[in-house]
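Chain order of the listed sequences is Z and S. Each residue of the first sequence is one higher than the one before, starting from 1 at the first, in the numbering used here. Each residue of the second sequence is one higher than the one before, starting from 1001 at the first, in the numbering used here.
Hints are supplied without guarantee of correctness; some may be wrong.
To be verified - What follows is a set of in silico ranges between Cβ atoms, one per label pair, in the way DEER data are often shown: (1) Z:G125 x S:D1105: 58 to 64 Å; (2) S:D1275 x Z:E237: 20 to 26 Å; (3) S:W1063 x Z:G61: 42 to 48 Å.
What the hints assert, rightly or not - Below, a list of computed lysine to any residue pairs in the SDA-like style, where the Cα atoms sit at most 25 Å apart: (4) Z:K49 x S:V1084; (5) Z:K49 x Z:D26; (6) S:K1242 x S:V1269; (7) Z:K56 x Z:V264; (8) Z:K53 x Z:T265; (9) Z:K46 x Z:V27; (10) Z:K152 x S:A1177; (11) Z:K277 x S:E1232; (12) Z:K46 x S:S1190; (13) S:K1235 x Z:R373; (14) Z:K152 x S:S1190; (15) Z:K46 x S:Q1006; (16) Z:K56 x Z:E40; (17) Z:K46 x Z:E24; (18) Z:K49 x S:D1202; (19) Z:K277 x S:S1190; (20) S:K1235 x S:D1202; (21) Z:K53 x S:E1068.
Don't read these hints as lab results, they were simulated from the structure. Ideal placement from N, C-alpha and C gives every residue a C-beta, glycine not left out.
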Amino acid sequence: MFDQLSDRLQAALSEVRSRGRLSEGDVDAAMREIRLALLEADVNFKVVKSFTKTLKERCLGSDVLESLDPGQQVVKIVNEELTALMGGAGRDLAFASSGPTVILMAGLQGSGKTTACAKLARHLGESGKDVALAACDVYRPAAVEQLVTVGKRAGAHVYEQGTDADPVEIAAWALDRAREDGRDALIVDTAGRLHVDEDLMAELARIRKRTKPHDVLLVVDAMTGQDAVGVAESFSEAAEFDGVVMTKLDGDARGGAALSVKAVTGKPILFASTGEKLEAFERFHPDRMASRILGMGDVLSLIEKAEQQVDERQAEDLQKKLESDRFTLEDFLQQMKQVRKMGPLSGLIGMLPGMGAMKELKNAEVDEGELDRVEAIILSMTPLERANPAMIKGSRRKRIADGSGTKVQQVNQLVKQFDQMRKLMRQMVSGKMPDAQQLARMGGGAPRPKVRRR
Amino acid sequence: MTTSWQEIFDLGAREAVPAPRPEDENERRGVFARLRESLSKSRQALAEEISSSLFDRIDEETWERLEEALILADVGAPTTAEVVERLEQEVDSGAVPADGEAVRDRLIEILAEVASNGRRPIDLSAEPAVLLMVGVNGTGKTTTIGKIAWHLTRELGLSVVLAAADTYRAAAAEQLAEWAERAGAELIRSEEGGDPGAVAFDAIAAARAREADVVIVDTAGRLHTQGNLMEELAKVRRVIGKQMPDAPHETLISIDATTGQNGLRQARVFAEAVDVDGVVLTKLDGTAKGGIVLAIANELEIPVKLIGTGESLQDLRPFDPDDFARALLAE
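Construct the entire structure; sequences and hints are all you get.
Given below as structure tokens:
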């Protein structure tokens, strides 16, 4: 995500960065690039204008031009301004002190409301909340069925009355039920509507009035263009939304809408939806996103992801095993499974610092099939073989290859790679960082996911 | 002059026989009323933004204002620059008089020309003709298919089979089933999570057995960045080709009018995977102008063929480059 914008900004700034001193002309040239990059990223035209103006003023300040490393200063300023543009520090949902917290979801057709409802339900359910959904989209064919299905997957109860009832009444009824049933939160799914459709916008305002939501969230597609601002302004009038859920951020949309909506309406982006699966939903961190745009990486998000998925005791065990050199293929398999739980690897790569700049990884796609093969190979080994890969020879190799539907060479390669990896880990544990050559060798085959250029 | 339905569909040797409808008169009035309504809605919105004085004076600022207007319409920087430069040159060289009206008319001509790049009718001449619908999630594929099916059955009297090859999204087949019923088309479906290629395969077989005219294959929405899902789509296309060589005869991608510059990438990647013949520009009834299709036609030579202007069955129209160019400038 944001690949292009990050590249453009980096290109614009590397010019500046490589120089010791900046002239006003340098800053102007960088600003032109930034302006073009932002427009290409669908940032609203008016927002771009004022953004580059502020940026330029700050960059031309004497403390920047006369500093020892003006290039770095410019990068820092761009980072700060991008963060401010997207909403400063993040914000959480407003929770009710008693009774169900009501969250109303609104947006254009096809922005991803129904899916976002289920994802939010799952997200809240993760923290132990009893969440219910209200099916108030009575217009789109099969919308209620869709919510019932995804709601069930998310582990949330769905209050629905089919498609014949009035959405306002359904919402009020669902809230009563949620109160009776002692739910912690009620998420109200509404029909997608055009912001110019006065009747439906009035209906939305009525739902808001009846349910008195603690938060109204506007669902915005990351791929939206210049119109995003107009849409957000209209929804702001009718529904007075409090925050934004950005969807489809897993595509390559440059997400300029994300920047613009906050800039124009002042409402922060609270959540980002980043994939097909229900788990692909996270708190939006403007500061981290700005760093990601600039290619500084999003290590914090990565660590949080790992914390959520990795069992701490297992991690401790692993540490011990590494120290005592008892790391086996079985452990490797467990490791791999944990990493894969964090989501598609291609998504994780973007969070690593500097990765955006690496040519081979740009537009790269991790071949998950390769990982499946590695798993299959290990699963075809006996526990004894997993513990002592050295014993895998001749007929064992053949059996494992047959069992996993792979070739003998692939089994060989895996064993060899594993051996190298173990050596490397021993060094890391003993406090010596591996050198680049060793790392490169390690990246030569099976255990490392194959990176394919598209 | 507006593009007609006859121009947008190539029916081959078939003759269009409108199905008899007792409520014809009423419904027809409804169509026009609706059309007027949705058009005036979007025109009104457009008129508010672009000042009528855009071409009052022709000077340096004119080109800047024009650039701004096109960028705000999502046309994108490269295509905007190309169009404005061309116009500016023509005015500078005297080929176009530096007169507001002449410049405006020439601009509309240029925009319409760009939008017409690679224009061909929708090929429904085969028997059965197979139409494959692809696109990103939420762009309006299923709704568009419902509208096309309704039009083919009710307006042209053709028999249509719909293939519910979106086996991924919850309740997608139910959604298509409702459209099939409204349009009077037959639906071929499988269970959720079934093989999309198999559904398409069966639908063509069914259409052949029943001598149906058109098969429309609905596919799951997918982000163009998801390699494995794009691979799956290419496979669906191959499976269709196995059941019937030359098929699909027409592949359409739906692009949401609110989409920004990402639309260009969507079109490019989908075209690489499944050879896209045309665009259906959906949700034009809002304030978004859908200018990204200009960039798509300009850079990829994939023209818009149909536009969606609302929620009801009748809200689908042939794309008209001239109307579109005027709408971009709020004429």
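Hint-by-hint comparison with the structure:
Checking the proposed 58 to 64 Å range against G125 of chain Z and D1105 of chain S shows it holds: the Cβ atoms sit about 60 Å from each other. The beta-carbon spacing between D1275 of chain S and E237 of chain Z, approximately 44 Å, falls outside the hinted interval of 20 to 26 Å. In this structure the hint that W1063 of chain S and G61 of chain Z lie 42 to 48 Å apart at CB is violated, the actual value being about 32 Å. Proposed proximity of K49 of chain Z and V1084 of chain S is supported: the alpha carbons are some 20 Å apart, at most 25 Å.
In summary, the hint linking K49 of chain Z to D26 of chain Z is supported, as the alpha carbons are separated by about 18 Å, within the 25 Å threshold. For the hint pairing K1242 of chain S with V1269 of chain S, the CA-to-CA distance comes to about 23 Å; that is within 25 Å, so the pair holds. Annotation: proposed proximity of K56 of chain Z to V264 of chain Z holds, straight-line Cα distance about 20 Å (limit 25 Å). Distance hint between K53 of chain Z and T265 of chain Z is fulfilled; the C-alpha atoms sit about 19 Å from each other, no more than 25 Å.
As the CA atoms of K46 of chain Z and V27 of chain Z are separated by approximately 20 Å, the hinted pair is consistent with the 25 Å bound. For the proposed pair K152 of chain Z and A1177 of chain S, the alpha carbon gap of about 22 Å is at most 25 Å, so the pair holds. Of the supplied pair hints, the one linking K277 of chain Z and E1232 of chain S holds, its CA atoms being roughly 17 Å apart against a limit of 25 Å. A threshold of 25 Å between alpha carbons decides the hint, and for K46 of chain Z with S1190 of chain S the separation of about 49 Å lies outside it, so the pair is violated.
Restraint check for K1235 of chain S and R373 of chain Z: the C-alpha separation of about 22 Å stays at or below 25 Å, so the hint holds. In summary, the hint linking K152 of chain Z to S1190 of chain S is supported, as the alpha carbons are separated by about 21 Å, within the 25 Å threshold. Between the alpha carbons of K46 of chain Z and Q1006 of chain S the distance comes to roughly 42 Å, so the proposed pair goes past 25 Å and is violated. Between K56 of chain Z and E40 of chain Z the CA atoms are separated by roughly 19 Å; this keeps the pair inside 25 Å, and the hint holds.
Restraint check for K46 of chain Z and E24 of chain Z: the C-alpha separation of about 23 Å stays at or below 25 Å, so the hint holds. A hinted pair counts as satisfied when its Cα atoms are at most 25 Å apart, and K49 of chain Z with D1202 of chain S does not qualify at roughly 54 Å. Restraint check: the Cα-Cα separation between K277 of chain Z and S1190 of chain S comes to about 22 Å, which is no more than 25 Å; the hinted pair holds. Taking the CA atoms of K1235 of chain S and D1202 of chain S, the gap is near 15 Å; set against the 25 Å cutoff, the hint holds.
A distance of roughly 17 Å separates the Cα atoms of K53 of chain Z and E1068 of chain S; the hinted pair therefore holds under the 25 Å criterion.
The structure does not agree with the numbered hints 2, 3, 12, 15, 18 stated previously, though it agrees with the rest.
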